[in-house]
Amino acid sequence: MSRYFSTARISLLDIRTHWDPLLHSSNTRSTTFRSGSTFDVYSIPQPPCLFPLTIKAVKSQPGEGLAIEEVSLSTSLAPYEVLVKTRAVGLNPTDWKHSIGMWGDAGFVVGCEGAGDVVAVGSEVKHVQVGDRVGCLLVWHPGTKRTVHSHGIRSIQLLVCVEAPGGHVLRGSCVVPDVPISPPCRSLYFRHDLPYPSTVKSGTSPKEDILIWGGSTAVGLHAIQLAHLSGQRVIAIASARNHEFLKSIGADVAIDYEDEDVVKQIRDSLDGLPLKRAIDTVCEKGSTHHVIDAIDPEGGYVTTTLPVDDETSSRRAQVKVEFVLDTPIKFAKVLPMPSVPEDNERAQAWNAHEQSAIGDGLVEGKGSKCGYTTQKLRVGEGLEDVMEGVKIMKRGAYGEDKLFLF
Numbered sequence: 001m002s003r004y005f006s007t008a009r010i011s012l013l014d015i016r017t018h019w020d021p022l023l024h025s026s027n028t029r030s031t032t033f034r035s036g037s038t039f040d041v042y043s044i045p046q047p048p049c050l051f052p053l054t055i056k057a058v059k060s061q062p063g064e065g066l067a068i069e070e071v072s073l074s075t076s077l078a079p080y081e082v083l084v085k086t087r088a089v090g091l092n093p094t095d096w097k098h099s100i101g102m103w104g105d106a107g108f109v110v111g112c113e114g115a116g117d118v119v120a121v122g123s124e125v126k127h128v129q130v131g132d133r134v135g136c137l138l139v140w141h142p143g144t145k146r147t148v149h150s151h152g153i154r155s156i157q158l159l160v161c162v163e164a165p166g167g168h169v170l171r172g173s174c175v176v177p178d179v180p181i182s183p184p185c186r187s188l189y190f191r192h193d194l195p196y197p198s199t200v201k202s203g204t205s206p207k208e209d210i211l212i213w214g215g216s217t218a219v220g221l222h223a224i225q226l227a228h229l230s231g232q233r234v235i236a237i238a239s240a241r242n243h244e245f246l247k248s249i250g251a252d253v254a255i256d257y258e259d260e261d262v263v264k265q266i267r268d269s270l271d272g273l274p275l276k277r278a279i280d281t282v283c284e285k286g287s288t289h290h291v292i293d294a295i296d297p298e299g300g301y302v303t304t305t306l307p308v309d310d311e312t313s314s315r316r317a318q319v320k321v322e323f324v325l326d327t328p329i330k331f332a333k334v335l336p337m338p339s340v341p342e343d344n345e346r347a348q349a350w351n352a353h354e355q356s357a358i359g360d361g362l363v364e365g366k367g368s369k370c371g372y373t374t375q376k377l378r379v380g381e382g383l384e385d386v387m388e389g390v391k392i393m394k395r396g397a398y399g400e401d402k403l404f405l406f
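UniProt numbering puts the first residue of the sequence shown at 1, with every later residue one more than the last.
Errors might be hidden in some of the hints.
The calculated lysine-lysine pairs, modelled on BS3-like cross-linking and capped at a C-alpha distance of 30 Å, are [unchecked claim]:
1. K285 - K394
2. K207 - K247
3. K56 - K201
4. K391 - K285
5. K97 - K320
6. K320 - K264
7. K56 - K97
8. K391 - K97
9. K369 - K247
10. K264 - K247
11. K276 - K207
12. K285 - K97
13. K207 - K264
14. K366 - K247
15. K320 - K366
16. K276 - K201
For each label pair, taking beta carbons as the anchor points, the in silico distance ranges come out as [said to hold, decoys possible]:
17. A397 - E70: 41 to 51 Å
18. P297 - P62: 30 to 40 Å
19. E258 - S123: 43 to 53 Å
20. E388 - A106: 14 to 24 Å
21. P274 - A352: 22 to 32 Å
22. A352 - G131: 15 to 25 Å
23. K391 - E70: 46 to 56 Å
These aren't lab readings, by the way, just hints derived from the structure by calculation. Given the structure is predicted, the values throughout are model-derived calculations rather than measurements. From the three backbone atoms N, C-alpha and C, an ideal C-beta is built for every residue, glycine too.
Full structure from sequences and hints, please.
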């Protein structure tokens, strides 16, 4: 049976089914997979109370290649670490960019998103416990050369390990709580300070617009839904073929990003409401410039899912531009990103009050009780498919679907 591994301060571990009693055993060891973000297959050592000393991982190679290699594991579980038995993983654009793309280097382990069962937790982890089924975002550090078995360990922001909807939806859990929902959640609630969905009464009329550039991306899809649930009037920018779908999940207006007058169309669509908030989920080919230009003359606030250069961030003095990641890393090998410690408390509040409600009753293809939905899934299996999926993402040979593997 093939399984996958991933790690960071959230560590994803695979233990075969007959090890499940260990999930509730006081003898469970606090073992951390210090191998970057890795998906893997391995043979279980005996006796079953011991975790394996090595795993196989998809690693980047010289010349932008990928290969399956065996890497060693080390033990210890820090206060904010969570050890997870992985059952499924999702692929994201950042995976190829930090492995076989412009920000990658040889010797790094690929991947940052998974779902599975909690095997052990650190002393400061309060929102999940052993036995919970969770979705995880792994926070790695691809900009620093390290030995692969210690590569990528960084402080966990608690948002990135959340209980899966209903405690049993594996495919959905890898799509709802992890990488796609983390940036929009941070943007909308930790940066823009929008009201939580649970505090907004149904039928409340919007008092302001919000612009989501890249509405059909994974992050954009979640940002649209969250903003809608928080009472915003949503303007989504995406390819015309996705407009009807985006409107069905909460966008009030959809505009084609390829239109030359896209900024004018945005301004013309405001319906008398202010536009002071925006998220750019694409951050390429001038998208952030367009987003900044669309903000009201009085100014506003733009959050981005990738760091932008100084020229872009200073394009308009009245518009603040901020990268949403809150973890101390050196992004793309050259850009230092500071930590935002307050986000741990914000994430705990989100997990306590909102996350479970959004995913409650989630059924793949139908959504949750509150109408929240996930992306279409393109499903694969095995480490070879992980490598192929990374290459597919680099080629751009996918649309609004999510590449997902067991």
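Hints versus structure:
{"no.": "1", "hint": "K285 - K394", "in the structure": "16 Å, holds"}
{"no.": "2", "hint": "K207 - K247", "in the structure": "19 Å, holds"}
{"no.": "3", "hint": "K56 - K201", "in the structure": "49 Å, violated"}
{"no.": "4", "hint": "K391 - K285", "in the structure": "21 Å, holds"}
{"no.": "5", "hint": "K97 - K320", "in the structure": "26 Å, holds"}
{"no.": "6", "hint": "K320 - K264", "in the structure": "21 Å, holds"}
{"no.": "7", "hint": "K56 - K97", "in the structure": "21 Å, holds"}
{"no.": "8", "hint": "K391 - K97", "in the structure": "10 Å, holds"}
{"no.": "9", "hint": "K369 - K247", "in the structure": "18 Å, holds"}
{"no.": "10", "hint": "K264 - K247", "in the structure": "20 Å, holds"}
{"no.": "11", "hint": "K276 - K207", "in the structure": "11 Å, holds"}
{"no.": "12", "hint": "K285 - K97", "in the structure": "16 Å, holds"}
{"no.": "13", "hint": "K207 - K264", "in the structure": "21 Å, holds"}
{"no.": "14", "hint": "K366 - K247", "in the structure": "16 Å, holds"}
{"no.": "15", "hint": "K320 - K366", "in the structure": "37 Å, violated"}
{"no.": "16", "hint": "K276 - K201", "in the structure": "22 Å, holds"}
{"no.": "17", "hint": "A397 - E70: 41 to 51 Å", "in the structure": "30 Å, violated"}
{"no.": "18", "hint": "P297 - P62: 30 to 40 Å", "in the structure": "51 Å, violated"}
{"no.": "19", "hint": "E258 - S123: 43 to 53 Å", "in the structure": "51 Å, holds"}
{"no.": "20", "hint": "E388 - A106: 14 to 24 Å", "in the structure": "19 Å, holds"}
{"no.": "21", "hint": "P274 - A352: 22 to 32 Å", "in the structure": "31 Å, holds"}
{"no.": "22", "hint": "A352 - G131: 15 to 25 Å", "in the structure": "19 Å, holds"}
{"no.": "23", "hint": "K391 - E70: 46 to 56 Å", "in the structure": "22 Å, violated"}
Checked against the numbered hints given earlier, this structure breaks hints 3, 15, 17, 18 and 23; the rest are met.
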